[in-house]
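Chemist: With chain A fixed as given, assemble chain B onto it according to the hints.
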Amino acid sequence: MTEVAVIGASMTQFGERDAWIRGLLAEAGRACLDDAGVNSDEVEHLYVANMASGEFEGRTGIQNALVSDLAATPAYTQRVDQTSASGGAGIYAAWQSVASGAADLTLLVGGEKMTHRTTGESTDVIATLTHPVEYKHGVTLPSFAGLAARLYLDRYNAPRESLAEVAVKNHANGALNPHAQFQREIDVETALDSPMVADPLRLYDFCPVTDGAAALLFCPVDRARAYADRFAVVSGVAGATDTHVVHERADPTTMGAVVDSGEAAFEMAGRDPADVDVAELHDMFTILEFLQLEGLGFAAPGEAWRMATEGRTALDGDLPVNPSGGLKSKGHPLGATGVAQAYELYVQLVGDAGERSVGADVGLACNVGGFGNCVTTTVMEAG
Amino acid sequence: MEAYRYADGTITYPGHPVGPDGSEPVATIDLREYIAEVLTWTTASVSPPGVREPNHLAIVEFDVDGTPVRAIGQLTTGDVAIGDEVRPVYCDQLRDPSAGIREADSQEWDGYRFKPV
Chain A
1 MTEVAVIGAS MTQFGERDAW IRGLLAEAGR ACLDDAGVNS DEVEHLYVAN
51 MASGEFEGRT GIQNALVSDL AATPAYTQRV DQTSASGGAG IYAAWQSVAS
101 GAADLTLLVG GEKMTHRTTG ESTDVIATLT HPVEYKHGVT LPSFAGLAAR
151 LYLDRYNAPR ESLAEVAVKN HANGALNPHA QFQREIDVET ALDSPMVADP
201 LRLYDFCPVT DGAAALLFCP VDRARAYADR FAVVSGVAGA TDTHVVHERA
251 DPTTMGAVVD SGEAAFEMAG RDPADVDVAE LHDMFTILEF LQLEGLGFAA
301 PGEAWRMATE GRTALDGDLP VNPSGGLKSK GHPLGATGVA QAYELYVQLV
351 GDAGERSVGA DVGLACNVGG FGNCVTTTVM EAG
Chain B
1001 MEAYRYADGT ITYPGHPVGP DGSEPVATID LREYIAEVLT WTTASVSPPG
1051 VREPNHLAIV EFDVDGTPVR AIGQLTTGDV AIGDEVRPVY CDQLRDPSAG
1101 IREADSQEWD GYRFKPV
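The listed protein sequences correspond, in order, to chains A and B.
Be aware that the first sequence starts at 1, since it is given in our numbering, and climbs by one per residue.
Be aware that the second sequence starts at 1001, since it is given in our numbering, and climbs by one per residue.
Just so you know, nobody snuck in bad clues.
In silico SDA-like links for lysine to any residue, alpha-carbon gap of 20 Å or less:
no.	chain 1	residue 1	chain 2	residue 2
1	B	Lys1115	B	Val1038
2	B	Lys1115	B	Asp1063
3	B	Lys1115	A	Asp199
4	B	Lys1115	A	Val133
5	B	Lys1115	B	Val1089
6	B	Lys1115	B	Asp1079
Just a few of them, taken from the derived set where beta-carbon distance is under 10 Å, the chain B residues facing chain A:
no.	residue
7	Thr1012
8	Tyr1013
9	Trp1041
10	Val1046
11	Arg1052
12	Glu1061
13	Arg1070
14	Ala1071
15	Gln1074
16	Gly1078
17	Leu1094
18	Pro1097
19	Ile1101
Calculated from the structure, these hints are not laboratory results.
Cβ coordinates follow ideal geometry from the N, Cα and C atoms, glycine included.
Looking at chain A on its own, in the form it has when it is part of the complex:
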């Protein structure tokens, strides 16, 4: 297979935006092409990662609209929906298109427009991914998080403050990210005193509702130097699934799809957790940072909370996690998130991360859909 490089990347301002999905995607796509110095008519494949533009905005076929908006016709295009892991699935699709030799220049743009809906409406759009026995009881993704967090804290005797430490860390990182939705620090007391949302989780344990888009441009590694002096290489990428019905899993505090996709991505890259210098994890809820650290092999079961309380996942720790601010602070426009995770790895690997640079050569991104229903893990390295 052809080795695949990322030669350009972009992300829009995340937050509450006036633009609708079509405008957000075009903004990110144009910025990415500009970043790489590539003309739109050179793009052969264009993938759009998006979960629910039909449900949120009543707009379908956004991939076809984007091809025209970027003047990229007659490029092949396809929308990739893998719920909130759509961005990661888009990376897998874009990687496949180049690795297989089907395309030499592939653009991936992920985005979502959400903030025009109320929080309840947005939560319900996302909750439509659940099984009927879950949906009719009003089970939402935040309530899954509350259920998992209570069991984790009880089983491992982990302090409630450890979850607050995740929020504090990611807000501190987000304060250094000009694209982040929240660019302000918080303290543990603020997190612990915030309103209860899904007991024992409070407001600051949850990511916000967000508008935004991000993009990546892929080509074969042997052509990357023709476009860029600095680039990143996708050395491992893999996806996996777990049961649709969440309570049927053997252990509610283990996400099997994280474990499986992580192992496969590490194997493909010829790497292991000790090789990773920086990780972008899917902290839609603070508890998910612990579950992914353990599922990916960065910590033993029941031990990830110690990494938060000991500062090991901070920017100056031995494994910086979510230097971008994560979903928690940067925001979570569903289809954009996996792409934006890789954007952060890209800027870290090519040395464009500014104040939040951690000096990384190997990065990992884990993009989770549903409550672990589907996961894509990507390993990227400096080119």
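Modeler: Frame of chain A; chain B shown alone:
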């Protein structure tokens, strides 16, 4: 509250066309005849359209003659703890089917809440 037993002996709620190992269902089990234990619970303070607020939820585990069977559902009260015993009680409408985004006719809306024993 019907669970399926599959040819390999596993039991799931809800039932599926095939079990975890791909085997077909061979029997049904009425979980109303069993007591379950609360594995974990939460109270959601903010609910989506058509859902009661606050919404007390639990994952519970039944012991069906030595075989564990889990289920998720609403609790009748938020006054519970991990390890409490509960039993299913019928509710003719768990959620207003006209308020959410899912097509009302695409699924059933009655079911069972869990009440502490």
